[in-house]
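Peer 1: Sequence:
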Amino acid sequence: MPREISLSEVPSLIGQEIGVSKWITVDQTMIDAFAGATDDHQFIHVDPVRAAAETPFGGTIAHGFLTLSLLSTMNYDCLPKIREQTMGINYGFDKVRFMTPVRCGKRIRGHFVLSEGRLRGAGMMMTSYEVTIEIEGERKPALTATWMTIIQFDPKDRPEGL
Numbered sequence: 000m001p002r003e004i005s006l007s008e009v010p011s012l013i014g015q016e017i018g019v020s021k022w023i024t025v026d027q028t029m030i031d032a033f034a035g036a037t038d039d040h041q042f043i044h045v046d047p048v049r050a051a052a053e054t055p056f057g058g059t060i061a062h063g064f065l066t067l068s069l070l071s072t073m074n075y076d077c078l079p080k081i082r083e084q085t086m087g088i089n090y091g092f093d094k095v096r097f098m099t100p101v102r103c104g105k106r107i108r109g110h111f112v113l114s115e116g117r118l119r120g121a122g123m124m125m126t127s128y129e130v131t132i133e134i135e136g137e138r139k140p141a142l143t144a145t146w147m148t149i150i151q152f153d154p155k156d157r158p159e160g161l
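Using numbering that gives the first Met the number 0, you'd call the opening residue of the sequence shown number 0 and step up by one each time.
Since the hints were made in silico from the structure, they are not lab data. Treat the hints with caution; some may be incorrect.
Said to hold, decoys possible - In silico lysine to any residue, SDA-like type, Cα no more than 20 Å apart, as pairs:
hint	residue 1	residue 2
1	Lys155	Arg108
2	Lys139	Val112
3	Lys139	Pro100
4	Lys94	Ser68
5	Lys155	Met86
6	Lys80	Tyr90
7	Lys21	Asp39
8	Lys80	Glu129
9	Lys80	Lys139
10	Lys21	Arg106
11	Lys105	Val19
12	Lys80	Arg108
What the hints assert, rightly or not - Distance windows between CB atoms, simulated:
hint	residue 1	residue 2	range
13	Gly104	Glu159	47 to 53 Å
14	Thr37	Glu115	49 to 55 Å
15	Glu53	Glu3	46 to 52 Å
16	Thr148	Thr54	17 to 23 Å
17	Leu118	Asp31	40 to 46 Å
18	Asp39	Thr148	23 to 29 Å
19	Met125	Asp31	18 to 24 Å
20	Gly63	Trp22	17 to 23 Å
Idealized CB from N, CA, C, for every residue including glycine.
Using the sequences and the hints given, assemble the complete structure.
Peer 2: Shown next, in the form of C-alpha cells:
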C-alpha cells in the first residue's frame, strides 16, 4: 500500500486490507504504566506471581482497553496518509470484542480492512475499518472491532467525482 493516497482513491479500496502494522511487544512495563494511567491495578494485570498461581494465563495479561488503545499507534504505523487530510477525528467503535487475552510478553499487530468511506458534509469523510489485533502464535485474535474515523479536509481540495 502506498504511504500516501488521495481521497478519490478511498472508494476503490473499500473491502480491502489496506494495512498491517508492525509487531508490538506487550511487556509488564507497558501493562503497569497503563494500570497507573487508568487506576486499574487488578492483580491479573500487575502481580505476575499471583497471576501465575491463581489464573489460567500463566502470568499477567494486558488490560483489554490497553490492547484497544494500541490501535492508534498501529494506525499511524501502517495506514496510508490521505493527501488532502487536514485532521483526523476518532469517531468511535462498534462491536468491540475481546476474543483472547494478551499474555505479558506476547507480540501483537493490527490488521485494517477499509469497510466504508462516505462523504459527510462539504469537508468531511466518514471512514470505517474492520480491525483485528492478531497475537503472534495464537489461533484467535486479541480483539475485533469496527472503528469509525472522520477525515477532515478543505472543501476546495475535494477531488472531482467525489
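Peer 1: Check the following: the C-beta atoms of threonine 148 and threonine 54 are separated by a distance inside 17 to 23 Å.
Peer 2: violated, 35 Å
Peer 1: Is lysine 21 within 20 Å of arginine 106, Cα to Cα?
Peer 2: The given pair, whose Cα atoms are some 10 Å apart, holds under the 20 Å limit.
Peer 1: Has the given pair, lysine 21 with aspartate 39, been kept, meaning a C-alpha gap of at most 20 Å?
Peer 2: Violated, at roughly 27 Å.
Peer 1: CB of glycine 63 to CB of tryptophan 22, is that within 17 to 23 Å?
Peer 2: Cβ of glycine 63 to Cβ of tryptophan 22: about 19 Å, so the range 17 to 23 Å holds.
Peer 1: Do the Cβ positions of threonine 37 and glutamate 115 conform to the proposed distance bound of 49 to 55 Å?
Peer 2: violated, 30 Å
Peer 1: Do the alpha carbons of lysine 155 and methionine 86 lie within 20 Å of each other, as the hint requires?
Peer 2: Answer holds: lysine 155 to methionine 86 is near 15 Å, not above 20 Å.
Peer 1: State, for the Cβ atoms of glutamate 53 and glutamate 3, whether the hinted interval 46 to 52 Å holds or is violated.
Peer 2: holds, 49 Å
Peer 1: Measure nothing beyond the straight line between the CA atoms of lysine 80 and tyrosine 90; if it is 20 Å or shorter, mark the hint as holding.
Peer 2: With a Cα-Cα distance of about 18 Å, the restraint between lysine 80 and tyrosine 90 holds, given a limit of 20 Å.
Peer 1: Are the Cα atoms of lysine 105 and valine 19 separated by 20 Å or less?
Peer 2: holds, 17 Å
Peer 1: Do the beta carbons of leucine 118 and aspartate 31 sit within 40 to 46 Å of each other?
Peer 2: holds, 43 Å
Peer 1: Does the beta carbon distance between methionine 125 and aspartate 31 stay inside 18 to 24 Å, or does it fall outside?
Peer 2: 36 Å Cβ-Cβ, so the 18 to 24 Å window is violated.
Peer 1: With a cut-off of 20 Å on the C-alpha distance, tell me whether lysine 80 and glutamate 129 pass.
Peer 2: holds, 18 Å
The structure is inconsistent with the numbered hints 1, 7, 9, 14, 16, 19, although it conforms to all the rest.
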